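Peer 1: As a plain string of letters, each chain reads:
2 protein chains.
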Amino acid sequence: MIKRPTQTDVARLAGVSRATVSYVVNGLAEATLPITNETRNRVLEAVKELGYQPDARAQSLRSGTTNTIGLLIPDMQNPHYWEIANGVEQQLQTDLMDLLLATTSLDPDREAHFIEALSRRRIDGLILLLTYPERVMAQVEKLARSRMPLVIVGSLPQDAQAAKAHELFDMTAPNYYDGAIQVMRHLIGLGHQRIGLVYGVANPFLGAERLKAYADALESAGLQGDETLIARCGTTIEAGYQAAHRLLELNPRPTAIVVINDILAIGALHTATSRGLRVPDDVSIASFDDIEIAAYINPSLTTSRVNAEEVGRTAARLLLMRIQNPSLPPQSIRIPVRLMVRASTGRAPSP
Amino acid sequence: MIKRPTQTDVARLAGVSRATVSYVVNGLAEATLPITNETRNRVLEAVKELGYQPDARAQSLRSGTTNTIGLLIPDMQNPHYWEIANGVEQQLQTDLMDLLLATTSLDPDREAHFIEALSRRRIDGLILLLTYPERVMAQVEKLARSRMPLVIVGSLPQDAQAAKAHELFDMTAPNYYDGAIQVMRHLIGLGHQRIGLVYGVANPFLGAERLKAYADALESAGLQGDETLIARCGTTIEAGYQAAHRLLELNPRPTAIVVINDILAIGALHTATSRGLRVPDDVSIASFDDIEIAAYINPSLTTSRVNAEEVGRTAARLLLMRIQNPSLPPQSIRIPVRLMVRASTGRAPSP
DNA sequence: TTGAAAGCGGTACCAG
DNA sequence: CTGGTACCGCTTTCAA
Numbered sequence: 000m001i002k003r004p005t006q007t008d009v010a011r012l013a014g015v016s017r018a019t020v021s022y023v024v025n026g027l028a029e030a031t032l033p034i035t036n037e038t039r040n041r042v043l044e045a046v047k048e049l050g051y052q053p054d055a056r057a058q059s060l061r062s063g064t065t066n067t068i069g070l071l072i073p074d075m076q077n078p079h080y081w082e083i084a085n086g087v088e089q090q091l092q093t094d095l096m097d098l099l100l101a102t103t104s105l106d107p108d109r110e111a112h113f114i115e116a117l118s119r120r121r122i123d124g125l126i127l128l129l130t131y132p133e134r135v136m137a138q139v140e141k142l143a144r145s146r147m148p149l150v151i152v153g154s155l156p157q158d159a160q161a162a163k164a165h166e167l168f169d170m171t172a173p174n175y176y177d178g179a180i181q182v183m184r185h186l187i188g189l190g191h192q193r194i195g196l197v198y199g200v201a202n203p204f205l206g207a208e209r210l211k212a213y214a215d216a217l218e219s220a221g222l223q224g225d226e227t228l229i230a231r232c233g234t235t236i237e238a239g240y241q242a243a244h245r246l247l248e249l250n251p252r253p254t255a256i257v258v259i260n261d262i263l264a265i266g267a268l269h270t271a272t273s274r275g276l277r278v279p280d281d282v283s284i285a286s287f288d289d290i291e292i293a294a295y296i297n298p299s300l301t302t303s304r305v306n307a308e309e310v311g312r313t314a315a316r317l318l319l320m321r322i323q324n325p326s327l328p329p330q331s332i333r334i335p336v337r338l339m340v341r342a343s344t345g346r347a348p349s350p
Numbered sequence: 000m001i002k003r004p005t006q007t008d009v010a011r012l013a014g015v016s017r018a019t020v021s022y023v024v025n026g027l028a029e030a031t032l033p034i035t036n037e038t039r040n041r042v043l044e045a046v047k048e049l050g051y052q053p054d055a056r057a058q059s060l061r062s063g064t065t066n067t068i069g070l071l072i073p074d075m076q077n078p079h080y081w082e083i084a085n086g087v088e089q090q091l092q093t094d095l096m097d098l099l100l101a102t103t104s105l106d107p108d109r110e111a112h113f114i115e116a117l118s119r120r121r122i123d124g125l126i127l128l129l130t131y132p133e134r135v136m137a138q139v140e141k142l143a144r145s146r147m148p149l150v151i152v153g154s155l156p157q158d159a160q161a162a163k164a165h166e167l168f169d170m171t172a173p174n175y176y177d178g179a180i181q182v183m184r185h186l187i188g189l190g191h192q193r194i195g196l197v198y199g200v201a202n203p204f205l206g207a208e209r210l211k212a213y214a215d216a217l218e219s220a221g222l223q224g225d226e227t228l229i230a231r232c233g234t235t236i237e238a239g240y241q242a243a244h245r246l247l248e249l250n251p252r253p254t255a256i257v258v259i260n261d262i263l264a265i266g267a268l269h270t271a272t273s274r275g276l277r278v279p280d281d282v283s284i285a286s287f288d289d290i291e292i293a294a295y296i297n298p299s300l301t302t303s304r305v306n307a308e309e310v311g312r313t314a315a316r317l318l319l320m321r322i323q324n325p326s327l328p329p330q331s332i333r334i335p336v337r338l339m340v341r342a343s344t345g346r347a348p349s350p
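Protein chains in written order, with numbering that gives the first Met the number 0: chain Y, 0 to 350; chain D, 0 to 350.
No wet-lab data here; the hints were simulated from the structure.
Quantities reported herein were computed from a predicted structural model and do not represent experimental measurements.
A few of these clues could be false.
You can't tell identical chains apart in this list, so a pair holds if it fits in one copy or across any two.
Said to hold, decoys possible - Straight-line distance between alpha carbons at most 16 Å, and here's what the computed EDC-like set of lysine to aspartate or glutamate pairs gives:
| # | residue 1 | residue 2 |
| --- | --- | --- |
| 1 | K211 | D280 |
| 2 | K47 | E140 |
| 3 | K47 | E115 |
| 4 | K163 | E133 |
| 5 | K141 | E48 |
| 6 | K141 | E166 |
| 7 | K211 | E226 |
| 8 | K163 | E237 |
| 9 | K47 | D8 |
With the sequences and hints as input, model every part of the structure.
Peer 2: Right under this line is the structure:
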């Protein structure tokens, strides 16, 4: 550690007591506590001369508040998450909270580690985007019970824990179910009958809503589902690329592919192109999120738009409200989505 | 703030002193200090029962070390920076340092704010990717002089401050000059004579090396530069899109466009397509960074590959070395780049 | 108008 | 083997 000037150093240099330094530095001088202008200036000069910066650890230890909230995001590689982080930041800036950002790289151990680390820092609140809730739920529940303000972004697995969850912390999540229904209706409306799904998630439950909507939509259209039409894979572009290959090798070939997110859809688009298929003439591709790139790639992506910044802002808003008023009943807010029809989907080719 | 169990609570429950709790929790029990297994277990049980977690602020206040380093990145919207952050994380994980990530959203005030905030937290070291060095250099120099371990990623403006800089902190940066020369040689070798440049940077100096290499390469090929061939713009995809429009409206039209990074190149590619131009038959496009998407878009991007994770790892390595040995002479490490020739560049169209 | 002093939650030295 | 205690840097009440 670096030796930095302390309050005591400033006090000595200015020839006052530490208390006085504290008053001046925190601007209490002007308000309640009358301090001579002359003393004040002596202190301020000493501060400047020494380059004194109050120690945030000590301040927070003493004052009991850190003025910082933590945000855990799963995966650096997906722009969708940064857009959420952006939203959180926007909301926080209006208040004057600092953000402590951590990313788990989709690693369950790191997820647990960071929740622990953030909690030990005694941050004022925590926003979690969990990848492996089943691994850390106990930890998270304990946190919640210790009355740490907590917001979970995204859904939780459908088991007993999830049921309790809503009583413990606030939640917000995009309405992926609606989104997936819209995507499917759009494709079915275009005459597609064989529709594949690239299901690229780190943890299966993460796409559960989209998967269910996919199946529900097929069924209500009287189309038959088919396990081979579901290509499960990882979360990288390359994974999406490979998974799409598996789908496009099927016979008969699907005429449309729904991809779990835009990043993987870029991979799938590449697959189609490299197989000499035209999009959307030979195969339609649609996905979720509407990251900025989606509108600019060629062909532009039909995608179910999640306003990620709004998700982030909502999470931050919920958290700030809870920090201010810890006894509020927990809320759960769904963020609506909107289908953006672009160039990657079109009428099903005639057989 | 939340009331959490403290060392004292544990001590009371276990019927021992606070010192003993500290020993047990920090595992000193096994090593130097022999403590009865029975006492140890009593303490551990109390810890578990109360869900006690040591307060990181208090620990660090006392121990003088935070075991945390800070990383400041400019822009959430560009995957390139996230890849750098990834590299930093990788390197840090091998040691057991925590990472405090902050992002400035290209806002000079936030940049200053975060440097201040991180410094007040008394982190053990700081890695900076600066967007507005001229605004914060004084602050940064003061930090450096206070012996805060510091690594600057990227280059600094070419003025007196930059000259001093190398004596104050470690630096690492991709060799964009070489990269740009390679890109230009590649295009000139393909017969291109009118080569545009989309210069989309938040702060002009940030692309200085690439700009200079662009001019140098033109000159040494006996081609004449032309200010109208340089389209200055912002840092979003949309900005790249617009800037490329300006270039492609020129008469005669440039046959190749060099774009300052891949993100903007995606915009430029979209411009060409929407103007009905074929890439690379009518116009070639090349850029910098090689973010993951670059290989998957259509056409795939010819780009000067910067191994961003290596940049991050290098920065972290430099920082950790300096933390361990603060008196090391500052180093400056250039990261080599490599031209990835893909489908977005081809022979210049015959006039 | 200013200062003395208690304490926030730990660590680690020294004594027993 | 265990406990008492000074101290890390700051805030805030209370007295002077």
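Peer 1: Decide, hint by hint, whether the structure agrees.
Peer 2: Quick rundown of the hints versus the structure:
1. K211 to D280: Answer is neither; intra-copy 27 Å and inter-copy 45 Å both fail.
2. K47 to E140: Cα proximity of K47 and E140: across copies only (15 Å, versus 46 Å in one copy).
3. K47 to E115: between (37 Å within a copy, 14 Å between copies)
4. K163 to E133: within (14 Å within a copy, 52 Å between copies)
5. K141 to E48: Cα proximity of K141 and E48: across copies only (12 Å, versus 46 Å in one copy).
6. K141 to E166: So K141 and E166 pass the 16 Å test inside one copy only (13 Å; across, 49 Å).
7. K211 to E226: Classified as within; 13 Å inside a copy, 56 Å across copies.
8. K163 to E237: Neither, since 37 Å and 44 Å both go past 16 Å.
9. K47 to D8: Within one copy, since 12 Å is at most 16 Å while 41 Å is not.
The structure fails to meet hints 1 and 8 from the earlier list, while all remaining hints are met.
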